[in-house]
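Asker: In order, the protein sequences belong to chains A and B. Letter 77 of the first sequence, counting from 1, is numbered 369 in our numbering, and no numbers are missing. Letter 120 of the second sequence, counting from 1, is numbered 113 in our numbering, and no numbers are missing.
Any given hint could be a false lead.
[Claimed, not checked] Here are a few chain B residues that face chain A, going by a calculated C-beta distance under 10 Å:
(1) Asp7
(2) Glu9
(3) Leu31
(4) Lys50
(5) Arg55
(6) Val62
To be clear, the hints were calculated from the coordinates, so they are not data collected in a lab. Every value quoted in this text rests on a predicted model; they were computed, and no experiment measured them. Beta carbons: idealized from backbone N, C-alpha and C, even for Gly.
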Amino acid sequence: MSDTINYSEADDKELVQLSKDQDMLAYEELVARHRDKIYGRAFSMMRNEEEALDISQEAWVKGWRRLIQFHGKASFATWMTRITINLCLDLLRKKKRQRAESIEKLDDDLGGVERQMGVVEINPSAGLERTELRARIDQALEQLSEAHRTVMVMHEFQELEYKEIAKRMECSIGTVMSRLFYARRRMASLLAGLRKKDEI
Amino acid sequence: MELEAKLSIQALIDGELSAEKQVDIERLVKADSEAQALFKELSNTVGALKESELEHKLPETREFFWSKVSAEIEREDRQAEVAQSRPGAVAWWKKLMVPVGAAAALVVAFTLFQPAGPDVAKTNFGTNTVSTAVTETLAETELEMPDSFIFYMFEQNATVIWVDSKMDVK
Chain A
293 MSDTINYSEA DDKELVQLSK DQDMLAYEEL VARHRDKIYG RAFSMMRNEE
343 EALDISQEAW VKGWRRLIQF HGKASFATWM TRITINLCLD LLRKKKRQRA
393 ESIEKLDDDL GGVERQMGVV EINPSAGLER TELRARIDQA LEQLSEAHRT
443 VMVMHEFQEL EYKEIAKRME CSIGTVMSRL FYARRRMASL LAGLRKKDEI
Chain B
-6 MELEAKLSIQ ALIDGELSAE KQVDIERLVK ADSEAQALFK ELSNTVGALK
44 ESELEHKLPE TREFFWSKVS AEIEREDRQA EVAQSRPGAV AWWKKLMVPV
94 GAAAALVVAF TLFQPAGPDV AKTNFGTNTV STAVTETLAE TELEMPDSFI
144 FYMFEQNATV IWVDSKMDVK
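This is chain B alone, in the form it adopts within the complex (with noise of 0.2 Å):
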């Protein structure tokens, strides 16, 4: 007998054959040895599983059992909670960028476009008396020539030296 025929006969007793189909079916499972055979062992195996299933009942406690499910949830709600309040700080931290960034090109603009006053000489200082001591963003520190100073921008990772236009520089 074909796998097809086999089959068939399997969904015959499931009843999921087409009516008409059901009949050709009938008809094999009546004229056919192998056919009824089958059919009756199916029936038979289908009869012992009909609400044959035995019961496993879970192995914890009610209250244990909860207490699991239930911290479980409120971890969830937790998680979500957090997870909610995030996009309100990234929104809130685009929002400060503008104007922080605005104020900060300013400060810059302003710092490298002086008007007018001492000469500006950028040099890659590193000597002993000015590089020990920049620890700031902007640190600055006094040189041995009165009336002038030196500082470090570590934005634009330069030292800017101010110098007295009015006092000779040896």
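The shape of chain A in the complex, shown without the other chains (with noise of 0.2 Å):
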């Protein structure tokens, strides 16, 4: 069957249905199509090379073992990226065990800095080519907290809803809420002071 088979060409949907049918082939092909997808995804929630390889690793192989489980009712790039986005959880999870870190929680749902900053007024994206807004968001994100970035990246850049969020995170759509706007007035922040610096 392989010989036959351009898998190059092929698309995902039908590359999902010969992995599922164990073409290691077909699968290898999806791989190289959306790794740098799901390394990204896992890297905006981790900021951490290391971490975000071995999950993307474990990420693919664990979507090998659960094809089964997709029916294509969301394309198979979302679907992976769910994954990936459970196992950065599940390691963000782990790694907030190993650590005291009573202070910060409490920030990050009840504000800290964000509560008492007056409104920002810079627009941050005004005037900016988008490579260049890209990158000082990557660079913003980096100095969010742990808690923050993940509920930002999940809702701005995964674009699930407060509801789904929670589900995920294990916390009430209320701690979301909070989560959400103190990091994006934390971002707002952030963009303006990189805007300014700019201008000295």
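Hints are included, so try docking the two chains, each in its own frame, into the full complex.
Answerer: Here you go:
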């Protein structure tokens, strides 16, 4: 069967079907197509190359095992990204258990300095090229706490609703809302700060 | 402004409010300058973040990354195979335990309840002539007395001496 298939020209749907039939060449093609996206999502959440690499690898192994559960309601890439996010959340929870961060957690939920912060009037994207804006956002993401970054990536980049984020993060919708709110305020402040820095 | 109102302004931007609540918050944003400023800041941030995720490329070649993924899949497959074969082996041993146990019990019973024959004496022998020869499960050693012998049963932790009843033991 493998000899007659042009994997690089087959679409994701076909490759998924072949992979479900244990065709590893088809799965290799899927990995090659989406590996950057999966790694990118893991890196956005973990901000650590080594952890992002390990999670990507684990996600692809899990993907292979769970292909039978994929029914094509979402795209294959979206389905894989969900697996990746769950692995990131597992690792973040594990890391959280290993360290005492009660003060940090309180700040994440109730707002630390963001609570006292005045409204930022600068529009962070005005007059900026998309590539430059992306680089700045990436830089600002690095400075957010894990909890703020996680909720922001899930909402802004993964486009998940409050309810879905709460379910995945095992917390209330209220917690998601307040974390997202303070994450956005911090992000606004960081982007404005980067802008001011450039103007000096 | 209360936090609840601020979170509602955010929910309005995210399209997470009920129709009824949406009307209320829109009214608040129009009427209150602080609410209006916050609405603008949040909208600007959301707008900036939209489709602005920096692409991070996997820092490994296609071949190298796939070799790691496929090796892990194969390793897990092997592990699963071993795990599957293990319960079968246990069941096989369990099946074998019954006949082997029964046979062992028969041998012990037969050894302990010999119908007739020479006198049997049990003792902690441990003397120089016997103990050195005991290395097998059932080790036999001839005594210096003719027609008599001694053996050690490890399972019963006992030394058995067979003595010919017709013979005088001094």
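Asker: Hints numbered earlier in the text: which of these fail when held up against the supplied structure?
Answerer: Violated hints: none; all satisfied.
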